[in-house]
Amino acid sequence: MKYAINDAVVITKRQLLQLARVPEVLVFSTIQPVMFVLLFRFVFGGSISTGQPGGYVQLLMPGIFVQTVAFTLASTAIGLAEDMKKGLIDRFRSLPISRGAVIFGRTFGDALLNILVLVVMACAGFAVGWRPTSGIFHTSMAFLFLFMFGYALSWIGILVGLSVKEARTVQSVGFLVTFPLTFLSNAFAPTTGMPKILQYFAEWNPVSTMVAACRQLFGLKNQFGATANSWPSQHPLQTSLLYMVILMVVFIPLSIRKYKNYSN
Amino acid sequence: MKSVIAENLVKTYRNGEVIALNGLSLDVEEGTVLGVLGPNGSGKTTTVRILATLLKPDSGSATVAGIDVIKNPEKVRELIGLSGQYAAVDETLTGWDNLVMFGRLYHLGRQSSIDRANELLERFDLVEAARRPIKTYSGGMRRRLDLAASLIVKPKILFLDEPTTGLDPRGRQDMWGVIQELVKGGVTLLLTTQYLEEADQLADEIAVIDRGTVIARGTSDALKKQVGGERLEITVENADVAATQEIVAKISGHATHTDLRTISAPVLNGSKDLMDALRAMDEAKIHPLDIGLKRPSLDDVFLSLTGHIAEETVQETVKKKRGGKK
Chain A
6 MKYAINDAVV ITKRQLLQLA RVPEVLVFST IQPVMFVLLF RFVFGGSIST
56 GQPGGYVQLL MPGIFVQTVA FTLASTAIGL AEDMKKGLID RFRSLPISRG
106 AVIFGRTFGD ALLNILVLVV MACAGFAVGW RPTSGIFHTS MAFLFLFMFG
156 YALSWIGILV GLSVKEARTV QSVGFLVTFP LTFLSNAFAP TTGMPKILQY
206 FAEWNPVSTM VAACRQLFGL KNQFGATANS WPSQHPLQTS LLYMVILMVV
256 FIPLSIRKYK NYSN
Chain B
946 MKSVIAENLV KTYRNGEVIA LNGLSLDVEE GTVLGVLGPN GSGKTTTVRI
996 LATLLKPDSG SATVAGIDVI KNPEKVRELI GLSGQYAAVD ETLTGWDNLV
1046 MFGRLYHLGR QSSIDRANEL LERFDLVEAA RRPIKTYSGG MRRRLDLAAS
1096 LIVKPKILFL DEPTTGLDPR GRQDMWGVIQ ELVKGGVTLL LTTQYLEEAD
1146 QLADEIAVID RGTVIARGTS DALKKQVGGE RLEITVENAD VAATQEIVAK
1196 ISGHATHTDL RTISAPVLNG SKDLMDALRA MDEAKIHPLD IGLKRPSLDD
1246 VFLSLTGHIA EETVQETVKK KRGGKK
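Each protein sequence line maps, in turn, to chains A and B.
Quick note on the working numbering: the first sequence kicks off at 6 and runs consecutively.
Quick note on the working numbering: the second sequence kicks off at 946 and runs consecutively.
Don't read these hints as lab results, they were simulated from the structure.
You may find that some hints are simply not true.
Stated by the list, open to error - As a list, the in silico EDC-like pairs of lysine to aspartate or glutamate whose alpha-carbon atoms are at most 20 Å apart:
{"id": "1", "chain 1": "A", "residue 1": "91", "chain 2": "A", "residue 2": "171"}
{"id": "2", "chain 1": "B", "residue 1": "1080", "chain 2": "B", "residue 2": "1036"}
{"id": "3", "chain 1": "B", "residue 1": "1170", "chain 2": "B", "residue 2": "1149"}
{"id": "4", "chain 1": "A", "residue 1": "18", "chain 2": "B", "residue 2": "1036"}
{"id": "5", "chain 1": "B", "residue 1": "1099", "chain 2": "B", "residue 2": "1064"}
{"id": "6", "chain 1": "A", "residue 1": "265", "chain 2": "B", "residue 2": "1013"}
{"id": "7", "chain 1": "B", "residue 1": "1217", "chain 2": "B", "residue 2": "1245"}
{"id": "8", "chain 1": "B", "residue 1": "1101", "chain 2": "B", "residue 2": "975"}
{"id": "9", "chain 1": "A", "residue 1": "7", "chain 2": "B", "residue 2": "1191"}
{"id": "10", "chain 1": "A", "residue 1": "265", "chain 2": "B", "residue 2": "975"}
{"id": "11", "chain 1": "A", "residue 1": "90", "chain 2": "B", "residue 2": "1036"}
{"id": "12", "chain 1": "A", "residue 1": "263", "chain 2": "B", "residue 2": "1149"}
{"id": "13", "chain 1": "A", "residue 1": "91", "chain 2": "B", "residue 2": "1036"}
{"id": "14", "chain 1": "B", "residue 1": "947", "chain 2": "B", "residue 2": "1235"}
{"id": "15", "chain 1": "B", "residue 1": "1020", "chain 2": "A", "residue 2": "87"}
{"id": "16", "chain 1": "A", "residue 1": "7", "chain 2": "B", "residue 2": "1023"}
{"id": "17", "chain 1": "B", "residue 1": "1020", "chain 2": "B", "residue 2": "975"}
{"id": "18", "chain 1": "B", "residue 1": "1195", "chain 2": "B", "residue 2": "1166"}
{"id": "19", "chain 1": "B", "residue 1": "1001", "chain 2": "B", "residue 2": "972"}
{"id": "20", "chain 1": "A", "residue 1": "265", "chain 2": "B", "residue 2": "1221"}
{"id": "21", "chain 1": "B", "residue 1": "1195", "chain 2": "B", "residue 2": "1228"}
{"id": "22", "chain 1": "A", "residue 1": "170", "chain 2": "B", "residue 2": "1036"}
{"id": "23", "chain 1": "B", "residue 1": "1195", "chain 2": "B", "residue 2": "1235"}
{"id": "24", "chain 1": "B", "residue 1": "1101", "chain 2": "B", "residue 2": "974"}
{"id": "25", "chain 1": "A", "residue 1": "265", "chain 2": "B", "residue 2": "1023"}
{"id": "26", "chain 1": "A", "residue 1": "263", "chain 2": "B", "residue 2": "1221"}
{"id": "27", "chain 1": "B", "residue 1": "1080", "chain 2": "A", "residue 2": "29"}
{"id": "28", "chain 1": "B", "residue 1": "1001", "chain 2": "B", "residue 2": "1013"}
{"id": "29", "chain 1": "B", "residue 1": "1239", "chain 2": "B", "residue 2": "1113"}
{"id": "30", "chain 1": "B", "residue 1": "1170", "chain 2": "B", "residue 2": "1142"}
Just chain A, with the same shape it has in the complex (with noise of 0.2 Å):
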């Protein structure tokens, strides 16, 4: 479809333009995790050891990009739930445009919402100390696979949004899920202190593989991942690349179908 791409480019065109009308948006999704990194920074900072150069800041930032990013999910979701329940997806469906095109677009308007998220927390992350060690290429590097973290679950974000009636279910289901995934991992505090099996838990956890990744990228140890020697902690840029590409095979094509299917 010669269209399809245009048809894409103006849904998300769409989204990056309710952005510039209701900028309130932009500010609380912005807010949220800058908030996060302040007190996360001085509430915990003070009182967690790391022996790293630059102290806890320095672990605590992958942590909270990753943490963050995985909010897309909750986001997307959310989006796409409250478009169907105001009809807009029906009137989009009544057009003569490429099918994938409403789904498409939005996954790039919150991977686009997501760049700005992410540049305007590294800011604030550096006005409280972190600093980056590895140089542009690996700094950016481990951007990259923030953004395509979030681009990946947000394609999860396509289906649950789909499948639920009300947005405000999504929203709690969202924090009911993303809570969870991001304390039991070992974005803000060492694995070691958990369960047993909390731990293993922990570090299978795909965001404990992307936080040890990107803490890896940054050119930092990884102090709080790798207790259980397994494999994914021992390989978190494998782990997360894997985790990324399973995620968008398999939640890619479902969602389309669903899309599709949602007329019977």
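Take the given structure of chain A and dock chain B to it, following the hints.
Quick look at chain B alone, frame taken from chain A:
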């Protein structure tokens, strides 16, 4: 030529427990307006959604401009406009943003999209509100914008699903004006409504639907005739009721119906019978407080066809499971 044809549409939900459409058939002649009239839950929206390619029927077939909506939905989408309670616009964006966006999605160029948006805003009296988010619009403005969005590529066939539900009388009048303008422009329109007056005002032909099937169709006049012809109706002072009953019974030849001081009965010869009644009353020195011929309203039509009034919210028809639960 028929622009829209639906044949034997069946649609059920929840594994056949809820029957939304039960063999519905209808058609719309090119360039005319068909009003689909029915209460909530009668299958109006389901019908529109199937014809607009948003929903697939369990069985039956439908064509729009000769194109099969099930086999060739993409082609159909290029020809139709859809607006109403379940089509929508982006509320956070301005009216102008929305129209330009939809123009782009109809694959108009950037400049053509902008030109068309400006043209439609002008036509629907929304120029002043063009740069405001839809959120701030009144119900009537919102519906007009919604309608404008469905007219971007000047569709020949338009589906309007309850275009005035929830509007105040002023908003409804405005919307009717807009729709009448469109019809003059030669568009084929299928319009659903629960308002009898609306169908009477806008439609060339009316299909009354109830419980997922068409139970009557015809022009407004034909439907009224189907229910019964005109009635002679006279209101008099209490003292004159008995005498008037006699006069009316004689002219009508049918049983009279008396409601307080108003006497009525069916008549065959319309104005001639009315004149006779007036003369007879004059001779008897009875002064009518009110006298006239009353044609049945569409409310009467609906009541006599379905046994319930149209405004009533009807529960979706639930088919009983055979044998029931053990």
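Taking the hints in turn, this is what the structure says about them:
{"no.": "1", "hint": "A:91 - A:171", "result": "11 Å, holds"}
{"no.": "2", "hint": "B:1080 - B:1036", "result": "5 Å, holds"}
{"no.": "3", "hint": "B:1170 - B:1149", "result": "16 Å, holds"}
{"no.": "4", "hint": "A:18 - B:1036", "result": "15 Å, holds"}
{"no.": "5", "hint": "B:1099 - B:1064", "result": "12 Å, holds"}
{"no.": "6", "hint": "A:265 - B:1013", "result": "18 Å, holds"}
{"no.": "7", "hint": "B:1217 - B:1245", "result": "24 Å, violated"}
{"no.": "8", "hint": "B:1101 - B:975", "result": "9 Å, holds"}
{"no.": "9", "hint": "A:7 - B:1191", "result": "79 Å, violated"}
{"no.": "10", "hint": "A:265 - B:975", "result": "31 Å, violated"}
{"no.": "11", "hint": "A:90 - B:1036", "result": "12 Å, holds"}
{"no.": "12", "hint": "A:263 - B:1149", "result": "40 Å, violated"}
{"no.": "13", "hint": "A:91 - B:1036", "result": "9 Å, holds"}
{"no.": "14", "hint": "B:947 - B:1235", "result": "45 Å, violated"}
{"no.": "15", "hint": "B:1020 - A:87", "result": "28 Å, violated"}
{"no.": "16", "hint": "A:7 - B:1023", "result": "16 Å, holds"}
{"no.": "17", "hint": "B:1020 - B:975", "result": "18 Å, holds"}
{"no.": "18", "hint": "B:1195 - B:1166", "result": "27 Å, violated"}
{"no.": "19", "hint": "B:1001 - B:972", "result": "18 Å, holds"}
{"no.": "20", "hint": "A:265 - B:1221", "result": "67 Å, violated"}
{"no.": "21", "hint": "B:1195 - B:1228", "result": "15 Å, holds"}
{"no.": "22", "hint": "A:170 - B:1036", "result": "19 Å, holds"}
{"no.": "23", "hint": "B:1195 - B:1235", "result": "19 Å, holds"}
{"no.": "24", "hint": "B:1101 - B:974", "result": "12 Å, holds"}
{"no.": "25", "hint": "A:265 - B:1023", "result": "18 Å, holds"}
{"no.": "26", "hint": "A:263 - B:1221", "result": "70 Å, violated"}
{"no.": "27", "hint": "B:1080 - A:29", "result": "15 Å, holds"}
{"no.": "28", "hint": "B:1001 - B:1013", "result": "12 Å, holds"}
{"no.": "29", "hint": "B:1239 - B:1113", "result": "28 Å, violated"}
{"no.": "30", "hint": "B:1170 - B:1142", "result": "17 Å, holds"}
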